[in-house]
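S.K.: Letter by letter, the chains look like this.
2 protein chains.
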Amino acid sequence: MATPLNETCATLERSLRERVPPLLTDLYQFTMAYAYWRAGRHNEPAVFELFFRDNPFGGGFSLFAGLSDCLLFLLNFRFTSEDVEYLRSVLPVDTDPDFFTYLKGLDCSAVSISAVAEGTVVFARVPLMEVSGPLAVVQLLETSLLCLVNYSSLVCTNAARFRLAAGPERRLLEMGLRRAQGPDGGLTASRYTHIGGFDLTSNALAGHLFGIPVAGTMAHSYVTSFSSLEEVWPQILAPCGGGDPIDFMCLVKGWLGHVCQLLGAKPQGVREGELAAFLSYAIAYPRNFLPVIDSYSVGCSGLLCFCAVALALCELKYQPLGVRLDSGDLCRQSVEVRHAFRECSKRCRSLYLCQDNEIDVVGVGTHLVTCTSQPSLGCVYKLVEVCGRPRMKLSEDPEKSTLPGRKAIYRLLDTEGQALFLILPTAAL
Amino acid sequence: MATPLNETCATLERSLRERVPPLLTDLYQFTMAYAYWRAGRHNEPAVFELFFRDNPFGGGFSLFAGLSDCLLFLLNFRFTSEDVEYLRSVLPVDTDPDFFTYLKGLDCSAVSISAVAEGTVVFARVPLMEVSGPLAVVQLLETSLLCLVNYSSLVCTNAARFRLAAGPERRLLEMGLRRAQGPDGGLTASRYTHIGGFDLTSNALAGHLFGIPVAGTMAHSYVTSFSSLEEVWPQILAPCGGGDPIDFMCLVKGWLGHVCQLLGAKPQGVREGELAAFLSYAIAYPRNFLPVIDSYSVGCSGLLCFCAVALALCELKYQPLGVRLDSGDLCRQSVEVRHAFRECSKRCRSLYLCQDNEIDVVGVGTHLVTCTSQPSLGCVYKLVEVCGRPRMKLSEDPEKSTLPGRKAIYRLLDTEGQALFLILPTAAL
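Residue numbers (my numbering), protein chains in the order written: chain A, -5 to 423; chain B, -5 to 423.
Next up, chain A with everything else stripped away, as it sits in the complex (with noise of 0.2 Å):
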């Protein structure tokens, strides 16, 4: 009988294979294919290697990631009936039937693919995969693995720069899915995040699919939502530790009396329906209480409220966990924040205690699943060897000639394990 963990793993590659058919690729790889095809050369051995020429971001090195998913497409790779009477239909009309019985019978059981592992620190200019086979085939297959490698390897890349500066004990929440560029690219995000570094995600598929922990409270909406105390009910909590429920709006009240008073803010700027969700909230998720406290005002509502019910929380014996800050100058507010847990912990020892950090985790959206600084990486898929013959591109722009023949990368550590150097293949050399 199958277990969880394979039957996910069998979803996710019938999920792939229905994704990337081979017929996502560049219709020029078809008319190239039959090209070869038509001359006889279709079977020649020929050697591709994807590199990119820069590293992204104007950084040091890159995350080579994408490469499980690049297997699973060519284990997978096959052309339906259905897919070859669409390039039928498309390519010029004097191309030779007898070519479309021979993409029928194609796979990818000739191609041999070496390749570094997931996830390794890259540089710019090594062979990051090298692809060799039948000369058509392994031209066909150009498009679809740098659309699953350029992505994955940037997006990761740029997930390992944010865990590099937040250090190496800050939580970090990848948040993007509404941002990206439609499901699967969310989906992509969430995962190759997560090998760069970050620890949790908001997407909830992305967690069932990958095991990856997922996290999130409340959003603006939630909090908007209500409008009077009267909205809340139940309005009664049990004690963490059991026994009977007690009156906890009645609790919090007189706590957001004390509250106002320790932090001299004016009672009457408390939003009444903010005060609403948040205890609806903690009277639904005792053990989870996390609001979002910016909705209206931090200083004048949110917080006063927060503290009141976390207090309160706290008088039963709960546990809260914290505050989200979704916008505004955040640095200002969680020095503000900070101060009033400080202020309150002197009524509540462990509020303080949960808080001892200003910011413990991080959530970031748009920018890190867009790669807003450079939302592409230009990972390419040269031909380097046809028939064990070194083949190359030169170009009027030097920098897109390419190094000709196949390359082996070396790391030379020393007896420490430390880099001694590496050599780069470039185009200076």
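Keep in mind that the hints were calculated from the coordinates and are not lab data. Hints are supplied without guarantee of correctness; some may be wrong.
Same chains, same label: a pair holds when it works inside one copy or across any pair of copies.
Unchecked claim - Derived pair list, reagent style DMTMM-like, types lysine to aspartate or glutamate, alpha-carbon separation capped at 25 Å:
hint, residue 1, residue 2
1, Lys311, Asp88
2, Lys394, Asp323
3, Lys394, Glu330
4, Lys394, Glu266
Chain A is fixed; fit chain B onto it per the hints.
M.R.: Using the frame of chain A, we list chain B on its own:
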């Protein structure tokens, strides 16, 4: 019996259903839905509006796109048992089990959508889509709808801006699949750049699924795979109107001598491999000869090879289509190429006639698909009404405050059908 079109639609619908299951959303939608459900508020009638705050690319308009995907998503919105079990495993342990029973029974039959038409010109802060229905359900839809609208509208708008810049005559080819956010990012780009005004795509699967005309001929790898004229086989070609095949290679060699003389070029600069590649391709596709001419040097080799093969094709009454320039100074090169065509047209008028425009088709890849200058559209989904009462979000950043209540969009046209003015709900009103 299903027609091919219906089959394609069915495939597309199935593919979308599998791509956008209701789990493809942020986890906090579920924690909020639970809190609503726990408080007995989940069936309260609520209204959300989807809009963006600023036109992208510093421009004056956007195109709204993604509506049909949203509607398919809503039609297929149902949780499987596996989805629900996954949610049970990640939501807090104190979640009431009856909530999962509630999720299992959910669909969008009680949800209404009112939207501007797909492809409509829209402006900032105008509601593009109004989603009304039970509070918990319309909350759950947020991320998926944003994911389906944001990138589609962005890339459609980007395409429209390219169209405006290119003018109405020049044909535009989308070719960004390899730099998109994975397979679906590429498909979405092909589909919505077509709506935005592109004529063609290189993406064969997009052609198949959406009926977009496809185009493409050859990459540099095809050219560099040849090194000698001995690799050309067959070397004969029958005239267009029929008749005995003639020695095409011999004919091309003759024309190459004329071309070099005509253009004052040195025959020894011509790359034998490039000539072989063009010859071989022309013999395979004599009616579709459009080679990439900058694999080595346009002036010293690629252009000479093209002219020789093209003139030989003309002699056999075939019509060569043109050349592709891939990189470098495209304007300078196009002038050089045009000059050569003019010179050659003295020998073969039809070559000139088919090239009376300097650049007929422009292919755009990375910049089009990744929307480099602004890689995301900031569509948001804001609660505007619950139980018939307006809701708003205030913010310390006035730009982020919402205008409460449902809105109607009016466009006032004069008797000529010209826009008189547009009523925009803005924060200033």
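S.K.: Next, verify each hint and record whether it holds.
M.R.: Hint check results:
When the C-alpha separation of Lys311 and Asp88 is checked against a cutoff of 25 Å, the pair qualifies only between copies, where the shortest distance is 15 Å, while the shortest distance within a copy is 79 Å. In this assembly of identical chains, Lys394 and Asp323 lie within 25 Å of each other by CA distance solely across copies; the values are 13 Å between and 44 Å within a copy. Proximity of Lys394 to Glu330 under the C-alpha cut-off of 25 Å is restricted to the inter-copy arrangement: shortest distance 21 Å between copies versus 53 Å within a copy. With identical chains, the CA atoms of Lys394 and Glu266 are at most 25 Å apart between copies only, with a shortest distance of 20 Å across copies and 63 Å within one.
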